[in-house]
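Residue numbers (numbering that gives the first Met the number 0), protein chains in the order written: chain A, 0 to 299; chain B, 0 to 407.
If you are wondering where the hints come from, they were derived from the structure by calculation, not from laboratory data. Using N, Cα and C, we set each Cβ at its ideal position, and we do this for glycine too. Watch out, some of these pointers could steer you wrong.
Stated by the list, open to error - Computed footprint of chain A on chain B; a stretch qualifies when at least three of its residues, placed anywhere within it, have a C-beta under 8 Å from a C-beta of chain A:
#, region
1, 205-214
2, 354-363
Said to hold, decoys possible - From chain B, some residues computed to sit far from chain A (all C-beta separations above 12 Å):
#, residue
3, Leu84
4, Ala103
5, Val105
6, Ala108
7, Gly117
8, Ile120
9, Val121
10, Gln122
11, Asp166
12, Leu179
13, Thr193
14, Gln252
15, Arg330
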Amino acid sequence: MTDRNRLIAYGVVAFAVLVVLANTVFVVGQREQALVLRFGQPVGSINAPGASQSGLQLKIPFFEHVIKFDRRILSLEAQQEEVIAADQARLVVDAFVRYRIVDPLAFYRALRTQQIAQDRLERLVTSSLREVLGAAPSDDIVSRRRGQLMLLTQRDMDRRAREARYGLQIVDVRIRRADLPQANREAVYQRMRTSRQQQAAQVRGLGEQRNREITAQANRDVTILIAGAQADAGRIQGEGDARRAQIFAESFGQDPEFAAFWRTMQAYDSALGQGGAGATLVLSPDSSVLRYLRDGPGGR
Amino acid sequence: MPWNDKSNPGPWGTPPAGGSGDGGGRDDDGPDDGGKGKNDGGSPWSRPPAPRSPRDREPRGAGGGGPGFKGPDFDELTRDLRGRLNRFFRGPTGSGRIRTEAVAAVATAVAVLWLLTGVFIVQPNEQGVVTRFGAYAGTALPGLQYRLPWPLESVQKVPVTSVQRSDIGGQGATNANDSLMLTGDENIVDLDFTVQWRVNNAALYLFALDDPQQTVRAVAESAMREVVGRTALDPIISTGRGRVQDQSATLMQRVLDAYGSGIQIVEVQIRNAGPPAEVVPAFREVASAGQEAESRINEAIAYRNRVVAEAAGDAAQRRRAAEGYREQAVREAEGAAARFNQIYVQYRQAPEVTRRRLYLETMERVLRESRTVVVDSDGTNAPIILPPTAVAPPAAAPSPQTSVGPSR
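Here chain B stands alone, though its shape is the one from the complex (with noise of 0.2 Å):
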């Protein structure tokens, strides 16, 4: 945690950790120190670049270790390395007193380095949060921040506008039954939800609650469960649904609220609300049901449809048919009438003569076409029996002149 920066360092880089793990500083060249551990610990800490840090100002180069720095020439490197101290601390003519300006410069460098680890970068999804001896001392927005540095104060960094999930039951569930909940009306439902939450204080996120991700789940499903206690088994999972997520979010919020937990909920998702496994098939049976009286309904309509349709085209034709029969009697009547008038026009004006001439040309056709018997019946008493070719019908008689005529 107090170097809980390192991640973003300040523009002058992080020292190495040797800074500080080499602890006896003492003696104020705490950087120095790194110097030596150099010297000793050997491959770590052998490439030249690495260290390229503002101790590279520093006059004695200390880091530098020289241009012909190739192998590990470690008898070597330690000689010189001695040398450029003593001439550092001693002055050139290595007069064995220790130089109080060399000291001074090192112990500024020392704290100017130690007051720029306060440098810190806040991301623009995060707050930070700074302490000052573990107390809170102020929040930190987004951008370049600068606190006083370790052990004074520290920062902790919360993301504050990435919104977390919690999915509670489904696939991720540790039991079974974890998403099988009462509803009010004494059924069980087969539910998972996702909680959407984030943080929107970041101070009250970090020092009200001794474990935030595990109080939103365990406060989720109870929230949920309290809802979906007091309401039916059929809005569950049909149209109700979102009123169960609007319910049970407004209650986990108002249970975190009263915590004091700094969370915000962004939204409760039902992912699946459905009839425990062990009752499904009765619920499709309902479902399939529905299907079929759908389709018997559709058949009657169906019927309904040919049967009316075909009653309406028998209901035209009998009209169609009676308005013939109309046309055609009065047709016929017309032309009957009509003859009749001519002739009665001729009969009127020599009445005997027509009268028996129709007579006689009526009967004319009549015995032409019948077999005519003569039977004088003067004496006879005795029943006549006639020969059978007298009664038979022709042989070739000609077709009868059919005739379309009103048949009543």
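Pulled out of the complex, with its shape left as it was, chain A reads as follows (with noise of 0.2 Å):
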């Protein structure tokens, strides 16, 4: 008896203590929101968005306990869908889906388990976006108004989810991508190939037009230049001229007379006598260098 005894019952009424304790008692995490569950039926939640109770909680033991679910954003990757577009074009459309958790009780009656809610988000997130983008024009899919259709899915997915009760609060919805399928792609490729083959031609014309441009300027650079200088040539020759007739006046205006004939001496002598040697002359006794051949010495 005595000591083991005590020792003995002490550690039964601590244990006892202590299990009582751990059922009462339970720890929810920052991350965390809870279901507190009366024989299996929801009575209350606990951490929900909005209300700030992390931390230790009690429960009436043995009779309640305690479902978790995740507090934070969570992340739903859709599936690739192709998506018809209002002007009929054919769209690959990758989405992705973040939502939490904000009614665990509702979430907990319509879905159970997230990944039951995943499926159901996932058919969602496929029908939100075919509806959305369905009624817009692929260009409008693809760059003008993109965020604004983001936009819209994620009210439409939301609305959907709060009538059916889920307990889900979508905070958004994003495309990743929204691309043209394989077969189109090709299309694509081959308008950007001959786009540019367009361009190089023009390219290569504008080259060849600066080319020829640049040449004919240069020929015509060139023919003025030397029409110029032809233009001095002839200014200058003339003036060459002018001063000669000039000096040639001057000199043999004090006697034209004289002037003719001693010019004319100067053209026989260059055209007849150096200048046109071996020139033959025929002459008659009649001319006047050979009037003394003729006449003999008294000649007149």
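The two chains are supplied separately, each in an independent frame; assemble them into the complex guided by the hints.
In structure tokens:
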């Protein structure tokens, strides 16, 4: 008895207290939210988004138990979907959804597990995307109104999730990519190629054009340069000729008759004498050079 | 997690895992259980210096093992330990009652040790997020910090200053099409980029998102595709890169802020942006066409430079030649005029004589240089036939004087 038995009694009591405590106290982490079930019936949620109740919490031991859900923003990668836009163009759309459990009670009733929620949401995002994107032309989807369409999809999904009482909030729907299907892609490549070839031809043509322009301009410049030089040369030569004429006029003007004689003599000299060496002259004895030859010393 | 500060132990070191693993520590001598484990466990614990921790201060020196501890003589060791424990708890007399002071001492030591496990160090590049029973209780800044020990509080350290990279597209891509994006002018661009980001709020980073890394990637890809989707191809692959980077970074930041992610985008960097491989030859052709055009233009410029310079030379040559002609004409005229003037002065003094003399001298020179046939034409009506020698040029005619004169 005594010591040993008392020790055992203490131990039993302590153990019982521990067991009860462990069933009463539970921890809800910052990342978690919890649902308290009494005999399987949900009776209250703890630390749902908006409430700040994480930490140590109490429940009725043995009668109640707790299910925990993620409180963070969760991600869902939607499967790649081919969507037909309003202008009948096909687009391969790849989207992701960010959502969170905002009402654990509703979530537990409607979906129970995150796995089921993912399945439902995947169907939901597919139909929302088809509906929203199907009403928009493809270039709106690709470029101009992408942000707006993503917002529309998010609102549509959020509304539907709320109507279905999933207890989920759709935080964001983002189109990761909206691309053309493989078949159309080849057509785009073809167009890109031809467009580049066209560009290349234009570039080459422009080069050739510049080439010819420059060549023509150069030829023109050359012609003008030469013509200008010829004009100058003519003027300069004219100056020379004029000056020469003036000099001769001044000089020969003193006695035109003698000048003519003198000049004639020089012309004979150069044309028939030294200049025209070897010319054959046929003279008549009547010519004045040969006057003495014919008439003798008394010739007159 | 409860012991996650093991990597940064407090100044007292960390009790070995056995301390809690032995679990039954209800009878106050938790650390002692470690000692018992040593007896039974054998070799892994048989290194005496290892447990030389605060336990060594306990008067019983249970962990010390004694200086004579050499071989694996477990029987001896067990007996020795039992003796020591007995002496410690029941007193040297072995009176059979457990001494309360001894129990209190052990309990205090355990409590102090437990409290000390709350000390932790936050490295300069980190923030420590402290949670109390899972609830956020504060953020610890770099330095030596204290929290209540496990299981009351725990700490998670998040590197906040170091920049993390997420590469999207390129070599690491899971799918070759990952980097193909549709541009605003409905072309396709092949674009790889890197996002650099860091945590700027450790608590948000830990608590807001399910999978922050994956979220950054997804958001980055979505934002980049959105921006590329409203930009034309040519700016993306040439001058507009910076703008695409900035716009997508802004968009990413906005989305991540909307998630309350505690993530800051530091930089978005387009590593490579070009046409898809299928159309690269066409793009190359444009580049080479540009080169060709450039070279055609250069050829033309070279031609122009050569021809115009030549023409300028020609023009100058013509002008100089004309100037030469002018000077020559004037000089010759001056010379001839001067000669005439001289003669004329003489002529005026004796006109008739001079005139005749000039005439005769000229005739003399003319007749000397030429073949002369004198024909008395009186009474001859028939044509005169000259012998060929009369008209043939002289065999050795003196070379004609070249006269450089104006040809006109």
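Taking the earlier hints as the rules, which of them does this structure contradict? Structure breaks hints 12, 15.
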